[in-house]
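*Asks:* In the order they appear, the protein sequences are chains A and B.
In terms of our numbering, the first sequence opens at residue 104 and continues consecutively.
In terms of our numbering, the second sequence opens at residue 2 and continues consecutively.
These are calculated hints, taken from the structure and not from any lab test.
Each hint should be verified, as a subset may be incorrect.
Claimed, not checked - From the structure, some residues in chain B lie toward chain A, with a derived Cβ separation under 8 Å:
#1 Tyr34
#2 Glu42
#3 Gly43
#4 Phe46
#5 Leu47
#6 Lys52
#7 Gly53
#8 Gly54
#9 His84
#10 Gly86
#11 Tyr99
#12 Tyr101
#13 Phe103
#14 Gly104
#15 Gly106
Just so it is clear, CB atoms sit at the ideal spot from N, CA and C, and this is done for glycine as well.
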Amino acid sequence: SQTIHQWPATLVQPVGSPLSLECTVEGTSNPNLYWYRQAAGRGLQLLFYSVGIGQISSEVPQNLSASRPQDRQFILSSKKLLLSDSGFYLCAWSVSSTQYFGPGTRLTVL
Amino acid sequence: SQELEQSPQSLIVQEGKNLTINCTSSKTLYGLYWYKQKYGEGLIFLMMLQKGGEEKSHEKITAKLDEKKQQSSLHITASQPSHAGIYLCGAAATSGTYKYIFGTGTRLKVLA
Numbered sequence: 104s105q106t107i108h109q110w111p112a113t114l115v116q117p118v119g120s121p122l123s124l125e126c127t128v129e130g131t132s133n134p135n136l137y138w139y140r141q142a143a144g145r146g147l148q149l150l151f152y153s154v155g156i157g158q159i160s161s162e163v164p165q166n167l168s169a170s171r172p173q174d175r176q177f178i179l180s181s182k183k184l185l186l187s188d189s190g191f192y193l194c195a196w197s198v199s200s201t202q203y204f205g206p207g208t209r210l211t212v213l
Numbered sequence: 002s003q004e005l006e007q008s009p010q011s012l013i014v015q016e017g018k019n020l021t022i023n024c025t026s027s028k029t030l031y032g033l034y035w036y037k038q039k040y041g042e043g044l045i046f047l048m049m050l051q052k053g054g055e056e057k058s059h060e061k062i063t064a065k066l067d068e069k070k071q072q073s074s075l076h077i078t079a080s081q082p083s084h085a086g087i088y089l090c091g092a093a094a095t096s097g098t099y100k101y102i103f104g105t106g107t108r109l110k111v112l113a
């Protein structure tokens, strides 16, 4: 069966510091991968999606970036965090139309 | 752009009561997905509806997609404390796209 992992589970970072969140999927090949952000009281916002290694589509211009160095690995990064980057970050995968989500990373920028 | 509106935003029911959550789209839906989220956790996939008039059930949860494919309802029968959480509907932004849009969620609390 397929499993999706995210780490870290929680993170507290100062403004201006770098960020790296990692997501890995097990049990499937060539999945589509997604990064979402969920802000308090708001719905999920799609940040990036990838249909293959090195292929990244950005949905929202911001100071975040994503990379897919391996088939089942998706990384969300920032060089300098802003206060507005705080939120709950979710990684998801799909091979057909249904998306399956990871446990999430709670990021607090102080 | 397409939006998904959920109602109600929050719901408190007594254990054993039935309840319904609605999800309305501003455009035709190309696949409607229901998820459940516990606070601070990821989304758990419940079910997917694609055809107009389709209805699916999972345990005590039933979801329907109307004939015009612009509204879906999620119905819980004989609610239990384990049903508590946030229910979100999601949909493909356009046919064949990888991009989903989501409603803002319905927070359900079930009183024992």
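*Asks:* If a hint holds in the structure, say so; if it does not, say that too.
*Replies:* Structure-based check of each hint:
no.: 1; hint: Tyr34; result: 7 Å, holds
no.: 2; hint: Glu42; result: 6 Å, holds
no.: 3; hint: Gly43; result: 4 Å, holds
no.: 4; hint: Phe46; result: 6 Å, holds
no.: 5; hint: Leu47; result: 11 Å, violated
no.: 6; hint: Lys52; result: 13 Å, violated
no.: 7; hint: Gly53; result: 17 Å, violated
no.: 8; hint: Gly54; result: 19 Å, violated
no.: 9; hint: His84; result: 19 Å, violated
no.: 10; hint: Gly86; result: 14 Å, violated
no.: 11; hint: Tyr99; result: 5 Å, holds
no.: 12; hint: Tyr101; result: 6 Å, holds
no.: 13; hint: Phe103; result: 4 Å, holds
no.: 14; hint: Gly104; result: 6 Å, holds
no.: 15; hint: Gly106; result: 7 Å, holds
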